[in-house]
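Trainee: Read off the chains here:
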Amino acid sequence: MSLNRRRLESMRSQSSNLENAVIDEMLNGGLSRRDFLRIGSVVGLSIPAMGAVLTACGSGSTSTKPSATAAAQQGGTLRVGISAPTSPIDPVTAGNQGSIAMFLPIGEYLLQAKPDLSIEPALAESWSPNDDGSVWTVKLRKGVTFQDGSPMTAKDVAATFDRLADPNGGSIALSVFKGILNKGGTTATDDQTVTFQLEAPVGNFPYLISSDNYSAVILPADYNGEYEKSGFPGTGRWKMDSYDANRGATFVRNEKYWDSSSMAPLDSIQFSFFADEQPALLALQGGQIDVVNQISVQNARAVLDNPAYNIISTPSAAARVLHLRTDEGPWKDKRVRQAFALSVDRSSIVEGLMLGRADLGNDSPFAPIFPSTDTSVPQRAKDLAQAKQLLSDAGVGGGFKTTLNVINQLEIPSYAVLIQNGAKEVGINLDVILQDPGTYYGSAQFGSSPWLDSTAGITDYGHRSVPNVYLTAQLASQGVWNSAHIKDPKLDGLISDYIAAVEPATQTKTAGAIQTLLLEETPLIYSYFFNFLAVSTDKVVGIVPNASGQLFLSLAALTA
Amino acid sequence: MARFLLTRLGLALITLFLLSVLVFAAAEIFPGDVASKILGPTADARAIAALNTELGLDTPALSRYLHFIGGFFRGDLGVSYTYRTPVGPLLLDAILNSLKLAAVALLIVVPLAIGGGIVAALRQGTLVDRTITSLGLAAMVVPEFVSGIVVLLVFAVWLNVLPVTATAPPGSGLLTQVKYLILPTIPLVFVLFGYIARVTRAGAVEVLGSDYVRTATLKGLPRRTVIRRHVLRNALPPTVTVVATQIGYLFGGLVVIEILFNYRGIGLLIFNAARGKDFPLLESCVLVIGILYLTVTLLADLAYSLLNPRIRLGSTT
Amino acid sequence: MSAPAHPAPMPVTAASSGGRSLLRSLVRSPAVVVGSLVVAFWVFCAVAGELIAPRDPFTVEPIAGLLPPSGDHLFGTDSLGRDVFSRVLLGARDILTVAPLATLLGVVAGTALGLLMGYRRGLVDAVTGRLVDAVLALPTVVVALMALTAFGPSNQTVILVIGFVFSPYVARTVRTAVLAERELEYVQAARVRGEGSLYIMFVEILPNVAPLVLVEASVRLGYAIFAVATLSFIGFGIQPPSPDWGLSIFESYGLINGGFWWPTLFPAMAIASLVISVNLVADGISEALER
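Protein chains in written order, with the numbering used here: chain A, 2 to 561; chain B, -13 to 303; chain C, 162 to 452.
If you are wondering where the hints come from, they were derived from the structure by calculation, not from laboratory data.
These numbers were taken from a predicted model, which means no experiment stands behind them.
Among these hints, one or two may not hold up.
[Stated by the list, open to error] Covered stretches of chain B, as calculated for chain C (at least 3 residues, CB under 8 Å):
{"no.": "1", "segment": "108 to 122"}
{"no.": "2", "segment": "174 to 186"}
{"no.": "3", "segment": "220 to 228"}
{"no.": "4", "segment": "252 to 262"}
[As the list claims (entries may be wrong)] Under 8 Å between C-beta atoms, here's a sample of chain A residues computed to sit facing chain C:
{"no.": "5", "residue": "Gln279"}
{"no.": "6", "residue": "Asn422"}
{"no.": "7", "residue": "Leu435"}
Backbone N, C-alpha and C fix where the C-beta goes; we use that ideal spot for every residue, glycine too.
With the hints as extra help, turn the sequences into a complete structure.
Mentor: What follows is the structure, encoded as structure tokens:
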């Protein structure tokens, strides 16, 4: 024990304040082993260092389960069904599932985010923050080359992030980097070192340069925005062989991959484009493809219990968020909002609608997968008696009728029906108005968008690796997605505290305060956070999913 | 004849103009903003503004319309907002696919339905008649996505004798392509059979009840000759009209089939263009379908006058 | 070419005096009787389905989703655990208002247009014909999205869209028939008598093209039901949680390949039974009229 302590002390002297804060938190018993690994990896603690800490706590080794590639054979072709790209392929501007999937086998990230939100080095060798988390320094791996043979240097990395943060470049990552990283904030200190100078301290910054921010694949410094015409550049294990925007694409193994010890096992990967999940699933069942990139639980039902198929299920922070206008209309009184939230039967929604492939929501964006989420905040559950009491206290015990705008996508209409049924039990009669996405989002500006203007509505929000953007956009007074129109100075204060908080203990404490306040105010109803699902035949191994719904197929293989 | 064709051409131009204005109005009133549809509603406002400028959407709507029409007549269909590639090749690929599917479907359904309709008429009121008309109706009301999924399950998944997708591998021969198109054709046959058969049957029933058919039969003409010479000729004109009016459906309305069978036809292209407010693409698609439609109806009218010489061409204008 | 002589115009005798004999001949046809009974059953369900439905068709029980047919649930349950049998019984309500009204709108408007175009010919035909062509060439998706934007999703919008899309089809079919009809002696005779155009169109010609219109109407009714279901596919049609048959089929068809056939099959059979019955009755009426 004393030996371990001594090793720890020497380690501490070499670590930043932030790293030490994480180590202390672990030693004081404030973190579970899983959370420590997740948070430690974010602040750049190395695997041996985390191992030392865990040993000191008697928590055992850090070795993770070896990937099940043992039975895999070399060679072969993997056939994947993906949703058809609806925009040109360009990592900087692509935001749809199909276009993103096209550059994932080709490109690589500085860091790779695992499905459990821990982070592993990829093109970066190490990364560390300064004391307050406002400057992050990333050391790059040596010997990395692009597919044309030219070396990848810090210049390419700096150019990549400048491009993503350029306000005039149409970058899809602008909303991710807003208020965090500006153009010019990334500098190449030397060939192997990149420094990120942030607008404000951000403890979770590594997620934004990891695979969790799918736009952040490293592109050559001279990239001109024409990804397809410049030959699909990247550093990855796969090269584009042929691409037909109407049918699909074929990738072949990059024989000159910079890490010859970790070449792709397959010979080629074939993508077929599908306009809908149903035909993709039928193609899987008919033996024409091996993997369906993404599928809803409703459609996956056809193969859910079939042992011939593997369901790859990844928890995420993506949710169907129900907003209630707090400034006017029938939901102005917070007791009415609370009553509505109490009428929702969350557990039966998770089990019945999502077939267990979802996490319970507690009316805040703090999903269970976030390490900072305060799990001691009590979970809201269905309570009709209390709901009725609240309604009668608010003077609407006799019930009332109002409308609920709902975006017409995937399982959301069914979710709305379940919500409607629950509300009816306490006398709230909801008139559901289903709207196609175009109508629902409208111009996406206040005053001309049912999404932002309706008294109540259900919106589809994607996964984010950190809850920051949901707090600032959905819940802060000036938020651009504040469809609940909540303006609460106390909440605004807590949100800025949370974002500035770098130490895990402070993050969790502030998160807890926000979660409690949101339960009281109930501007938003988060009933569940769904899992992203992909399906493969039982012959496919080595697929790594991430929480934003992407599949990493670089090391996929087929079994005999 | 020449005068007739010229008049039709002039009228066709008017129809196309009306159509283009309708679509322009539609694309203008469709909800949402082009760039925000492409980048997603949660994209940063600066990125949306940048993309709108890049696409030229900051110019007045009317000037965009005139610019497009000017280009259309010169054979330049513009550039799609969503795919950011020239509309021409996109459209050509889709229209060829749709033509193939429609051709296979019509080749199967038209003889089948005319035969069915005439048989039903000849056995009017019998079980055969009732079965043909009722089955035709029952098949007609089953939505394409249901019949489509059932045939896919049976023939592509369980029996595994036909492919799941309708798109044949590049460079396939005609026979292979037809093989890939068999499954998606079945729901179309379901949808169209009942309608065409009923129209044929109604026409044939009317003729059969007429004095001259009775006279012809009494005269001892063989039944087959009576059917060919009198019944078919009189039952065909309305059938031809009905088939012609289905062209719009066969080209623009097959969204469901194209999605289900993963087939890149023009229905899906229009659907996506309408949802994406992709004006150059939507306008081009609709105008091309309009031209196709007008051509086919013209041919139908010509065929009509051949089948029924009492209608002079001049009178149909 | 040997043009066959055209049949003599049928005398129209189905007025008041023949009413009773018409009814008698209808009752004698088993097809008409069966058809009427089935239609009557669905109308009863639409009006008072609650009386016979064993369960509330709207009550969800997500945990008990997709139970196969059993004594408890005759037709099983759908994915949200609602009783399919009760939903099928109540599902007649929306379709029995939307589909006939849409058909009526399309057939009435289309017939009027067709009569006008076919009888007046010339400029009227040319102008109206171009509009009709433009609408026929316009993909339904575009019409539907336009209406959706302008009026929002509701049953009325569905009726308007389907009626609007159907009318040109009817118009073209009717026009073709009228073109032939107007050359016949009885029309010439009426003109010689000095009857007005409206009188000739609606009193003289209409009864003679009525069988055709009736066929169109019965086919259109089938397509209307089909169109309502297809509109759901593109995200607009009758709105949930209605137990409407077309909507139920749309909500459940994706489950067929998982072996869950019951939430799709039973509503589909209900639709088929309704459409076939309506047609049996329509056929019976037109046969009786011709007799």
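Trainee: Hint by hint, say whether it matches the structure.
Mentor: Evaluation of the provided hints:
no.	hint	verdict
1	108 to 122	holds (count 4)
2	174 to 186	holds (count 5)
3	220 to 228	holds (count 5)
4	252 to 262	holds (count 5)
5	Gln279	holds, 5 Å
6	Asn422	holds, 5 Å
7	Leu435	holds, 6 Å
When each numbered hint is compared with the structure, no violation occurs for any of them.
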